[in-house]
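Number of protein chains: 2
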Amino acid sequence: MRTDLECLFNPRSIAIVGASAEFGSISGQPLDLLIKRGYPGMLYPVNPKYPELLGRACYPSLDALPETPDLALIMVNARLAIRMLEACGRAGVRFAIVFSSGYSEAGEAGVSMQEELAAIARRYDIGLIGPNCQGLISVPSKTYAGFGSAFIYDYVPGPVSMVSQSGGFGFSLMSLAAMDGGVGFRHVVTTGNESGISSLDFMRFMVDDPGTRIITGYIEGMKDAHRLRELGEAALVARKPIMVWKVGNSEEGQRAAASHTANLGGAMALYRAAFEQTGILQVEDMQDIIDYVPAFLSEKTPHGNRVAIITISGGAGILMTDEAIARGLAVQPLCDATVAKLRPLVPSFAALGNPIDLTAAIFDDTDLCRKALGLIIEDPQVDSVVMANAGLQGEIATKVAREVVNVAARSDKPVMLAWSARHQVAGEAYALLDAAGVPHYRSPLRCVRALAALTQHAQACRRHDNRRAEPVLELHASEAVATLRAARADLTEYRAKELIGLYGIATTREMMAGDAQEAAHIAERIGYPVVLKVQSPDIAHKTEAGGVRIGLASAGEVERAFEEIVTSARGHAPHATIEGILVQEMVVDAVEVIVGINNDPLFGPAIMVGLGGIFIEVLKDVAFRLAPITLSVAHEMIRQIKGYTLLIGARGRPRGDLEALADVLCRMSAMAVDLKGELAELDINPLFVLPAGRGVIAGDALIKPRLQA
Amino acid sequence: MRTDLECLFNPRSIAIVGASAEFGSISGQPLDLLIKRGYPGMLYPVNPKYPELLGRACYPSLDALPETPDLALIMVNARLAIRMLEACGRAGVRFAIVFSSGYSEAGEAGVSMQEELAAIARRYDIGLIGPNCQGLISVPSKTYAGFGSAFIYDYVPGPVSMVSQSGGFGFSLMSLAAMDGGVGFRHVVTTGNESGISSLDFMRFMVDDPGTRIITGYIEGMKDAHRLRELGEAALVARKPIMVWKVGNSEEGQRAAASHTANLGGAMALYRAAFEQTGILQVEDMQDIIDYVPAFLSEKTPHGNRVAIITISGGAGILMTDEAIARGLAVQPLCDATVAKLRPLVPSFAALGNPIDLTAAIFDDTDLCRKALGLIIEDPQVDSVVMANAGLQGEIATKVAREVVNVAARSDKPVMLAWSARHQVAGEAYALLDAAGVPHYRSPLRCVRALAALTQHAQACRRHDNRRAEPVLELHASEAVATLRAARADLTEYRAKELIGLYGIATTREMMAGDAQEAAHIAERIGYPVVLKVQSPDIAHKTEAGGVRIGLASAGEVERAFEEIVTSARGHAPHATIEGILVQEMVVDAVEVIVGINNDPLFGPAIMVGLGGIFIEVLKDVAFRLAPITLSVAHEMIRQIKGYTLLIGARGRPRGDLEALADVLCRMSAMAVDLKGELAELDINPLFVLPAGRGVIAGDALIKPRLQA
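Protein chains in written order, with our numbering: chain A, -11 to 697; chain B, -11 to 697.
Treat the hints as calculated values from the structure; they're not laboratory data. Mixed in with the good hints, there may be bad ones.
Copies of one chain are not kept apart here, so a pair can be met inside one copy or by any two copies together.
[Stated by the list, open to error] As a list, the in silico DSBU-like pairs of lysine-lysine whose alpha-carbon atoms are at most 30 Å apart:
id, residue 1, residue 2
1, 664, 211
2, 630, 608
3, 664, 130
4, 692, 664
5, 401, 130
6, 130, 530
7, 24, 387
8, 387, 288
9, 37, 130
10, 664, 387
11, 401, 387
12, 692, 530
Here chain A stands alone, though its shape is the one from the complex (with noise of 0.2 Å):
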């Protein structure tokens, strides 16, 4: 696939095939538009029913045109733009838009076309934009190669690029965000079924684009999912936030998804650990995009989360303080030194933890703003401010406005205002702000957002620097390779947990009897209490087939233990092939952990670790990220479970060999990259996880291998 997209965002000629002499309807559209626009490329119209349109000369084929063009739209229906592509491809056409419906999102039929089409790509090498999309808008080379109702504003360039699989609702984000949000906007394309170029070739060409500094998805599923990671390392490389609004996330929205423009949803679980794990911001609504940009285009960087929230009228400073707390800033009250220094500048009656009140004394006295924000930026415990001004405005609002403009110019934190006066009666103060880059919102809400958002980007940053220092842990074990290759079936406990032997996690100590006398001396050498399970590829759910025993304490129990789950087991399952029975220590002490490996189709392997019992089958406790992770990762995802809290000793108990924990999830996830193409999935459940110091052993595990073709 192409990935030289600058010629597409800026072709020096444009082929419109179906072009239309109705300029209303929908193939009428891009030529109009075009000229409307400015383009300033070449343009060709292709429709043999017209010698010419808009003064343009009208071509009855592609193979009449004077020239080879950079690219094309294909505005016919979805059998004849088969045909068209086909033609584009033998005239060396490099793009291609294909606006048509019918294909995927239409059914049987639709998904056959859809493949011819992205044959023909591949033949001809074409970067193949669609099909069932709405084309595209670059607002630098004035290509707005597409139709709908965004296409009638000349936008104001800027250096905000977007991908939207969805063509109606992208552009309409793009227009509101454009003309009333004041997002200045670079390329703005739009991906539909995506049988050619995916959203994520298009962030990825993005990152690299010198004049891109931000970019935002409007995503409804990936099918190259696995690509995110690699997308968001690059990004946080270059510093450019990428902005996902991800839809599609309930089951409903997902079946919705599907028939619209076909995209798989894949997991929400699996997006989410993506986007945490690679800093890309996932929004909610355009307002965030609209918020987001000017704080991502004011180039300050918080080092860390500590933000000081000052009012002139108490009210916003809680609502800003629950907001800035759920989203993981920290209000901490500002040093002794600072307060000292603030004391005499206020009224009495000032409160001066965090949030600050500077109360209305402001109104009589503008100094006041200059000296406290001067004394609070500096405050070396404040990463950040946020001001509220409430509704302040004429006069006064230029004068703070100035105030404030010339504290932040002196300060590498940022400055963010909430600031609610109508444009009509602060005019001035938010030109000020404006022209020095000072982000100011209407809502105190909105601002702690906006924030927050710089601040997670910031600290995604960091992490992600210290990342690229850690090693990556790497293993190769080709007797598993051989192992799992061989497998016709999952593979039971005792061969599981000798394949993970292999990549060094502890197992319980235990060896397979073929006789209870057996079962007896190996329980003897393991020491009492011990466990007997049975082991046949046939049973699946041991404890159902009564194939387990568990606290079995003389070579006695041990016997009868052993007749009797070998008769329970032949009485549940009559023809099933019964390895042994596996006996094995008993581990007490240890908080119960389940670990994983989900290799899935759109991700690639994923590593999942979460507490045992009910805080997996009741409530989905688990955290997830893509394979390989590192050991501060691994340590990020034990901390981010609600689990967490018994894991370092709630209840009671003795903290958990967390060390041990996050080491297992490493090797996990070494695991993962080497048996990538023979694993399906892999859980260890249990992995006990002993007491400080005392380490981590695997007390079960099943392997479904992937079965070879």
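Chain A is already provided as a structure; the job is to place chain B on it using the hints.
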């Protein structure tokens, strides 16, 4: 306290105590603003410094006025304000707003000054608003009795009344919501420290006020939160929605709230319970208020939660579906009959599940809109309809709006639109919708949220209607009252269980034993296995003291355990009074639940239920309701906890006896009411929930009496 607030919002005359000739200053603004906004009553500035102000006679003191004003605005410092309020009292002034700061929000000295204010107000029966507030605006009577940037507008009267504890924030909310959000306000009052009339007094008045149809509140904390319930229920009966923006929810936010208007925060869990119980809608930002108002003013009530989502471009349907599901709406397929009628109207690739994508075909045929919408709204499985029109603009937008208005007029089901065209290009369409009272929103998400709020309120109204027909269990046990009145310490298990037994709650079979032989005799009668527990008012944590033995299966084991417990307890607490050792049946096969009563100082008695163990301790997974509750509310509480799935039989368990559990919650409620004056806290932990039909049994109980003065 005066509750005839009609006069406050429509005063015939107003005195401004401390009026100033500096009309920009706080004390100078009210007279100027009242005149500018056209207040029709008499205005009496009071200040010995001036003979007249703005052409009005200025009086040296309140005594000098020619008549007794209905309302006095007190704009002098905190200390002087006390004397002025006293003067108001002597003169017979009915209402006074104290604007001054420096009371309880400013520490010790302020607290006692605020108490003086309150005492004067009580003595003279003055309706006191504030102190530390910013006054009120009653739009219909042009009473602009306050100061600040919100007072420069002549508002258009409407049916929304608002209370705000924050002056600055409340009024900036009002002006933005009115001027930019189109919300029509009626009475808006800021209450500050609420030394006199509280937010709840005002909201209660608004429920009865014929001109108010929607009530909103910006609340930091309520000192009289126990009245929330009566307020909420009265509003449900009156069918008036109350939207509350409650802030100060994080620990840090509560601290900030305390230093702001000095209102007690109260536990957010109890606020949430009270809101939920009484259908009070929690909002989270100004935009929610702006969005919900037109939805409620449309006067259409959904009969259920099933929404049909219609789009003309699939993209928005997906995110609307996600949001609908997240907010408790159901997005289910249409009836087959409806789909069959729709099919011939739309292109073959149109999706007719739900969301329903009519596709861009609507551009060529606006009739399609009328026909499809008409069919969908009549579907018996649809309770409400949202339609997303993307950026539809110009003439076609007007046509579509007209069709929507016609269809909506013929149905009693709510119809709402998500329509993101800018006003400049769809003004005519929007005007048609506004005139017909069809709500429309720029953002598809906000459209769904408004519908969800409307649906939630309709459900709360129906639920309340049903509840009023339910009996409320009332129980009286004079013996229990007497026991608690006499108590000087917490009740031990044995006594606490005797007490709950008086209210018909089953407890474990058990008897106190004085020596080992007696313990063995009791055990024989109860049946093995049994549990032994030390009973001592001096040993709060029985297990830690080695005072509990479980699973005792023979007389010998019981006798040995008895001696061990006594030895161990003596070792743990040498001077403890040991009342005896409790011999108790051992319950197996049960899910352990905790139920409790918390007689909260702000909210009064609240009933709690949660699952035992980590659910309570780690996850804080509990449901609260204010007492008394009915049986249906008890079942709601049980369904609300996350551990509910365990109670209905997750992990292979039998379904628990939920009927018996709900019955116990009702008994707890009756007990909480009966013992309101005597009980501080009661916990039954564990309450054993046996399989369905076998009841529940209290395993242990702790009662903290409310120590009598």
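- List of violated hint numbers, smallest to largest: The structure breaks hints 3, 5, 6, 10; every other hint is satisfied.
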